[in-house]
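Dock chains B and C against chain A, hints included.
Protein chains in written order, with the working numbering: chain A, 1 to 135; chain B, 1 to 117; chain C, 1 to 283.
Hints listed in this document are in silico derivations from the structure and should not be mistaken for laboratory results. Where hints are given, some of them may not hold.
If you want a taste of the chain A side facing chain C, the calculated C-beta under 8 angstroms gives, among others [what the hints assert, rightly or not]:
| id | residue |
| --- | --- |
| 1 | Val83 |
| 2 | Met85 |
| 3 | Gly97 |
| 4 | Thr99 |
| 5 | Leu100 |
| 6 | Ala106 |
| 7 | Thr108 |
From the three backbone atoms N, C-alpha and C, an ideal C-beta is built for every residue, glycine too.
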Amino acid sequence: MDRVNRIPILKLGHLLLVSIQVDMHDRMALALQEDLAERIAETGARGVLIDISGLEFIDSFIGRMLSDIAGIARVLDADTVVVGMRPVVAITLVDLGLTLPGVRTALTVERGMAMLPAPTVDEDPGDEEAETAGP
Amino acid sequence: MRARHRVRELAQQAGLRLVDQTKFVTAVSELARNTIIHGGGGRLRAGLLLDGARQGVYATFEDDGPGIPDVQMALTDGFSTGTGLGLGFGGARRLVNDFDVRDNPTGGTIVRVATWR
Amino acid sequence: MSEGLSVIQAVLREQRTELLDAWVQAQLAAPGVRTDLISESELRVESDRFLTALAIAVTESSTADTSGPAWDAIREQLTNLSRTRATRGFTPTETATFVFSFKEPLFGKLPDGAAIWAATQLIDNLGLFTAEAYLRTREDVIRRQQDELIELSTPVVKLWQGVVALPLIGTLDSARTQVVMESLLQKIVETDSAIAIIDITGVPTVDTMVAQHLLKAVTAARLMGADCIISGIRPLIAQTIVHLGLDLSEVTTKSSLADAVTVALERTGHQIVRRKAPVATAE
Chain A
1 MDRVNRIPIL KLGHLLLVSI QVDMHDRMAL ALQEDLAERI AETGARGVLI DISGLEFIDS
61 FIGRMLSDIA GIARVLDADT VVVGMRPVVA ITLVDLGLTL PGVRTALTVE RGMAMLPAPT
121 VDEDPGDEEA ETAGP
Chain B
1 MRARHRVREL AQQAGLRLVD QTKFVTAVSE LARNTIIHGG GGRLRAGLLL DGARQGVYAT
61 FEDDGPGIPD VQMALTDGFS TGTGLGLGFG GARRLVNDFD VRDNPTGGTI VRVATWR
Chain C
1 MSEGLSVIQA VLREQRTELL DAWVQAQLAA PGVRTDLISE SELRVESDRF LTALAIAVTE
61 SSTADTSGPA WDAIREQLTN LSRTRATRGF TPTETATFVF SFKEPLFGKL PDGAAIWAAT
121 QLIDNLGLFT AEAYLRTRED VIRRQQDELI ELSTPVVKLW QGVVALPLIG TLDSARTQVV
181 MESLLQKIVE TDSAIAIIDI TGVPTVDTMV AQHLLKAVTA ARLMGADCII SGIRPLIAQT
241 IVHLGLDLSE VTTKSSLADA VTVALERTGH QIVRRKAPVA TAE
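Here chain A stands alone, though its shape is the one from the complex:
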């Protein structure tokens, strides 16, 4: 049951991609946070892109989850970009008093990708080290 409700995390080179297409309940949100932390550590990912264009609303719990993910990723040396927040969702969040400081945002997946390190493994030896060693 819990398995089914997990949000899939895709790996693309050094990036992890998450697309939230359904309104999440609290346990799903917490599971996503845990899963992402694990995957970042495991893969040595340099960037996390979270697409929230499917979310019809964000309450303080989900908002806090987004902030937390960005914070956790930063500690694990990965950048996070949240993309595709709908206008009405953004207006509501501001009224709610949540401005997600420390969370980088972009309009589209494309723009978000451009803000993160390139997903392909390049010649930089530092990256290869990250591939094998990991924290």
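Using the frame of chain A, we list chains B and C on its own:
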């Protein structure tokens, strides 16, 4: 979750604009969590309102929890007794037109929110 | 059923034709009758329909409380009548007179006492309902016009690939600012613009609420992944902003729209250069 969908439907029926629908559903989500965390669970009722030409949607949350000792305090941003960010109550109030908190005569708290078209 | 209502019911049933004639005459004789806006035959049809609905209502209802389901039909008729008259240019008084003018002919047929009291209550309730229905119609019209006005006054324009601009003109009130900002955010998504310029050169003054809505829009845009530049802040508005203690430090502000456009284009990776010396213009 099902409650949120139902509330969204009601807000649509009341003819609220999309932004007001979203605010109302978000407020309901905040308050529902409050009811579960602080009130130990409770009952949610929602429906349409009609006052003259004005249409609206309301939701009430009723719990049997310990109640709120200082309502004014609970409405202040940053105040929290639980694990949230402390925005739940004060934040929810900014998302709706009417916001009313009172003691439940049988113990616990009743919160009623409404938004008009 | 109350005694009063049953008397009224009997009168409506037995003396309907006389009542209708007397009532139509009363309406035509009333001061300020609008025969320019409504014909006698139309008045007669409306009055006749009202009597039919009233007769049914008093038969089904046990009180003079006109909010019950027995009065649905008559309330609907009065709502429609108010709507028609409001759009034709009747005043609220002229519209409510339709109901109130029925008192005289009806009271003339009733014995003193309970029946008169019941009739007074009943007609007063229906008359007030008519006036309210009239106001609702007017409010609807006003709201619709307001919406249209707001729509018309929010021209969010695409300036360049990835740059939208919102030139605001006229006084901003809280409601208008909110709607304007919503359409700006919507346009940001539609045009995939990472930069939005809000130009307030044409805005004479802002109050706290309006300034706050502006700032909220800037924050909301940032949450969506777009940056806002506010341009054309007049000296007076700048003073207001400082006096109100509003924090604009997170917002890019430019004094002119031209400066804002330059910044926006620079940020999107463009450069404005002059290709050759300008052609001399005849002064």
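Checklist entry - Regarding the hint that A/Leu100 lies at the interface with chain C, is the smallest CB-CB distance below 8 angstroms? => result The hint holds - A/Leu100 has a Cβ within 8 angstroms of chain C, the shortest such distance being about 6 angstroms.
Next on the checklist: Quick check on A/Met85 please, does its C-beta sit within 8 angstroms of some C-beta on chain C?
Outcome noted: holds (5 angstroms)
Next on the checklist: Please check whether A/Val83 passes as an interface residue: C-beta within 8 angstroms of a C-beta belonging to chain C.
Outcome noted: holds (6 angstroms)
Next on the checklist: Under 8 angstroms is the threshold here; is the Cβ of A/Gly97 close enough to any Cβ of chain C for the hint to stand?
Outcome noted: A/Gly97 check fails; min Cβ-Cβ to chain C is 10 angstroms, beyond 8 angstroms.
Item to check | Minimum beta-carbon distance criterion (8 angstroms), A/Thr99 to chain C | outcome: Interface hint status for A/Thr99: holds (5 angstroms vs cutoff 8 angstroms).
Item to check | Proposed interface contact between A/Ala106 and chain C, which counts if any beta carbon pair is under 8 angstroms | outcome: holds (4 angstroms)
Checklist entry - At a threshold of 8 angstroms, is the proposed contact between A/Thr108 and chain C supported by beta-carbon distances? => result holds (6 angstroms)
Of the numbered hints listed earlier, the single one contradicted by the structure is hint 3.
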